[in-house]
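> Protein chains in written order, with the working numbering: chain G, 2 to 349; chain S, 2 to 349.
Just so you know, the hints here were simulated from the structure itself, not pulled from any lab data.
Among these hints, one or two may not hold up.
Here are the simulated BS3-like pairs of lysine-lysine, each with C-alpha atoms no more than 30 Å apart in a straight line [claimed, not checked]:
{"#": "1", "chain 1": "G", "residue 1": "K199", "chain 2": "G", "residue 2": "K323"}
{"#": "2", "chain 1": "S", "residue 1": "K231", "chain 2": "G", "residue 2": "K273"}
{"#": "3", "chain 1": "S", "residue 1": "K273", "chain 2": "G", "residue 2": "K273"}
{"#": "4", "chain 1": "S", "residue 1": "K341", "chain 2": "G", "residue 2": "K231"}
{"#": "5", "chain 1": "S", "residue 1": "K240", "chain 2": "S", "residue 2": "K341"}
{"#": "6", "chain 1": "G", "residue 1": "K93", "chain 2": "S", "residue 2": "K95"}
{"#": "7", "chain 1": "S", "residue 1": "K240", "chain 2": "G", "residue 2": "K95"}
{"#": "8", "chain 1": "S", "residue 1": "K273", "chain 2": "G", "residue 2": "K95"}
{"#": "9", "chain 1": "G", "residue 1": "K243", "chain 2": "G", "residue 2": "K93"}
As a plain string of letters, each chain reads:
Number of protein chains: 2
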Amino acid sequence: MAAKRRPTIIDVARQAGVSKSTAARVLSGGANVSPKVIEAVKLAVGELGYQRNNLAVSMRSGRSGLIGIVVPDISNPFWAEVVRGAQDASMKIKSSLLIFSSDWSLERERSHLQALVQTRVDGFLINAIGDDAEALDFANLGCPAVLLGTTADLYPGRSSVGSDIAHGVHAALDYLGQRGHGLPKLITGPQRRLARAKFVTAVNRYFIDRDIDPTEIEIEDGDYTVEGGKRAMGRFLAKARKGEHLTIFAANDLMALGAILQAREAGLDCPKDVSVMGFDGIVAGEFCVPPLTTVAKPARPIGEEAITVLDAVMSDTPDVLKRRLPCQLIERGSVKDLSKPIKLAKTG
Amino acid sequence: MAAKRRPTIIDVARQAGVSKSTAARVLSGGANVSPKVIEAVKLAVGELGYQRNNLAVSMRSGRSGLIGIVVPDISNPFWAEVVRGAQDASMKIKSSLLIFSSDWSLERERSHLQALVQTRVDGFLINAIGDDAEALDFANLGCPAVLLGTTADLYPGRSSVGSDIAHGVHAALDYLGQRGHGLPKLITGPQRRLARAKFVTAVNRYFIDRDIDPTEIEIEDGDYTVEGGKRAMGRFLAKARKGEHLTIFAANDLMALGAILQAREAGLDCPKDVSVMGFDGIVAGEFCVPPLTTVAKPARPIGEEAITVLDAVMSDTPDVLKRRLPCQLIERGSVKDLSKPIKLAKTG
DNA sequence: CCTCCTATTGGGAACGTTACCACAATGATT
DNA sequence: AATCATTGTGGTAACGTTCCCAATAGGAGG
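Kindly produce the complete structure, drawing on both the sequences and the hints.
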């Protein structure tokens with residue numbers, strides 16, 4: 002088939018009987034155009050079905066209206082939510098979102114970054130994979146960037162938006178304390194990672210600030226999966242005293258879910274025999290039994306705020322903005338109330 | 002700060018002491034270039050940190066390397082998974098993905114579509130919102146498109162990729178039959194929507210093909226949310242006979258989850274008193290109690306396949322491809338096995 | 001020595017848009 | 001009546017790339 006060429010502004014101008022300068026003026030809503038010309042051009046646009054070629058505009062203006070976002074995995078509900086927030090916010094600044102999943106691979110991350118630069122995005126959001134030495138060097142990219150999440154602290158010169166983990170941990174531990182729980186046992190992420198260090202540090206700090214020695218806190222490592230949570234819980238159960246009420250604080254919801262499942266398999270009931278506090282706020286926690294009490298990270302607001310900050314960075318604001326959005330405790334049903342001093346047979 | 006301009010191929014050429022034509026030849030790996038020139042140009046590229054400007058390439062070549070995808074909501078786990086599949090597949094054809102959420106709004110859909118056309122995407126994937134009269138007219142867009150999901154049938158001239166709902170319904174009903182269940186009660190989506198019609202039709206067809214009259218099947222409408230599922234289940238429970246084992250087949254997992262929760266609130270146990278079959282395969286169903294038996298739509302393969310088909314369409318293949326990917330039954334724990342105590346007598 | 005062929009290189013146009021400048025026509029001001 | 005500002009319009013360059021064509025050099029063959 003003939004696959005007829007898309008009409009350009011020149012076609013519009015010819016159809017309207019004016020020069021392309023004049024047509025461009027009409028299209029950009031510029032002043033100083035006679036009413037009859039405006040009408041003629043708009044008519045021509047309608048007849049031809051003219052659609053502005055943003056590629057040409059981008060090249061000419063040096064602004065592509067494209068924003069990149071690189072997350073570990075877009076199919077992960079948390080990151081999907083972040084992307085959603087970013088998308089909503091970028092629509093407001095008339096930009097489109099280009100997404101990439103790095104799959105926690107440094108190599109992919111690098112390749113995505115190159116693609117972004119070559120596409121001439123106006124800026125990008127990224128959850129950087131590299132944790133320390135591997136940390137990627139953004140500086141020479143010469144492109145506005147805002148970091149997402151915890152690893153942002155490794156790049157002091159870059160703006161970032163993440164959740165306030167210390168605040169979330171604080172809220173969770175406050176809640177556990179109110180409900181009469183002592184030192185919780187932690188199920189964390191893999192060792193030697195910044196995310197884990199931040200979580201553990203926040204817990205320790207909380208107790209130190211209250212003159213409580215946190216060194217006795219038991220920790221088992223997971224890998225942020227349900228299976229990892231089950232295994233960690235299995236280890237806790239193996240060394241637990243008979244009849245002891247276990248209080249678990251998991252570093253993410255999937256591991257918390259695993260802990261609950263593992264307890265059930267061991268014949269223990271949550272929240273009667275075991276209390277579990279999660280960290281994330283994924284939807285799955287809403288429907289499990291018992292529904293998971295957790296600390297929700299503000300995923301969507303993180304995405305929105307990141308775009309706002311990026312917009313500021315793109316408008317060559319020189320200062321570095323580091324935003325930490327507060328987490329929110331979501332009380333559901335996986336933590337028992339032990340605060341009643343009298344031992345009683347509660348309605349389970 | 003000076004914000005120095007990004008180097009162009011002209012800068013590279015100057016640095017290497019050759020013309021831009023020659024530099025371009027080297028960069029495109031073209032033949033007929035002397036070895037020393039190749040080396041000089043590559044050196045210059047390294048020194049200057051030259052990155053090809055894809056905007057210019059796109060304009061010149063008429064191919065942007067951009068693919069759009071419009072889904073109802075990227076934060077919905079199902080669609081996130083589809084997007085992930087599309088992303089992986091588009092990487093293989095060296096394209097980047099531009100995402101948009103339509104939020105089931107026709108107006109937004111239209112605006113996104115315009116943005117896509119103006120960005121000069123090479124093609125796009127879309128889960129069209131319009132169900133009938135509202136159906137969007139893609140034809141005049143003059144841009145390769147592949148439709149995602151059930152509404153694709155409304156556009157006979159367009160290629161599409163979706164799940165084989167009839168196949169999934171078939172698998173689910175086969176399973177229920179094997180486990181000794183009779184006619185299930187249906188919790189469907191809102192009336193007067195194509196998706197609902199497809200679901201109900203598939204159920205009816207299944208029974209008619211087996212000489213079973215499906216007209217007695219009870220249906221309650223939901224809205225694809227947990228709350229909607231709970232309300233629908235509440236209505237079923239209100240009219241259920243005492244001691245009757247209820248067999249529920251929900252048109253999506255969230256409503257199935259709602260049904261389970263509602264049953265529990267009514268003091269009924271799933272799967273002892275109530276059996277629930279879902280449809281979707283979302284992760285939340287994996288961790289609820291009981292874990293949800295469901296039919297998983299092949300979300301990621303749909304995304305991948307859609308890009309493959311789009312690639313074919315973009316290479317001006319004239320034929321229309323309509324792909325239906327098979328669903329997969331995921332047996333977990335929400336359907337009771339009634340086949341042992343009761344001998345099923347075939348009616349008809 | 002002249003011609004032809006090949007290998008290598010440079011020049012220029014084109015993709016579609018916008019911004020700037022120049023120009024003409026009109027009306028207002030001196 | 002001459003000058004000036006205002007309004008409307010058209011021409012052209014530039015963004016960065018690739019592709020086509022022309023041009024040059026050197027060597028081979030007559």
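> Hint by hint, note whether the structure agrees.
Now for the hints, and whether the structure bears them out:
Between K199 (chain G) and K323 (chain G) the CA atoms are separated by roughly 16 Å; this keeps the pair inside 30 Å, and the hint holds. Distance check on the hinted pair: K231 (chain S) and K273 (chain G) sit about 26 Å apart at the alpha-carbon level, within 30 Å; holds. Under the criterion of a C-alpha separation no larger than 30 Å, the hint pairing K273 (chain S) with K273 (chain G) is consistent with the structure, at around 23 Å. Pair hint K341 (chain S) plus K231 (chain G) does not hold up; C-alpha atoms about 33 Å apart against a cutoff of 30 Å.
For a cut-off of 30 Å, the pair hint linking K240 (chain S) to K341 (chain S) stands: about 27 Å separates their Cα positions. Among the hinted pairs, K93 (chain G) with K95 (chain S) is consistent with the structure: their alpha-carbon atoms are about 28 Å apart, no more than 30 Å. Using a Cα cut-off of 30 Å, the hinted pair K240 (chain S) and K95 (chain G) is violated, with the two alpha carbons roughly 52 Å apart. Annotation: proposed proximity of K273 (chain S) to K95 (chain G) is violated, straight-line Cα distance about 54 Å (limit 30 Å).
Between K243 (chain G) and K93 (chain G), the direct Cα distance comes to roughly 58 Å. Violation of the 30 Å bound is thereby established for this hinted pair.
Hints 4, 7, 8 and 9, counting from the list given before, are not met by this structure.
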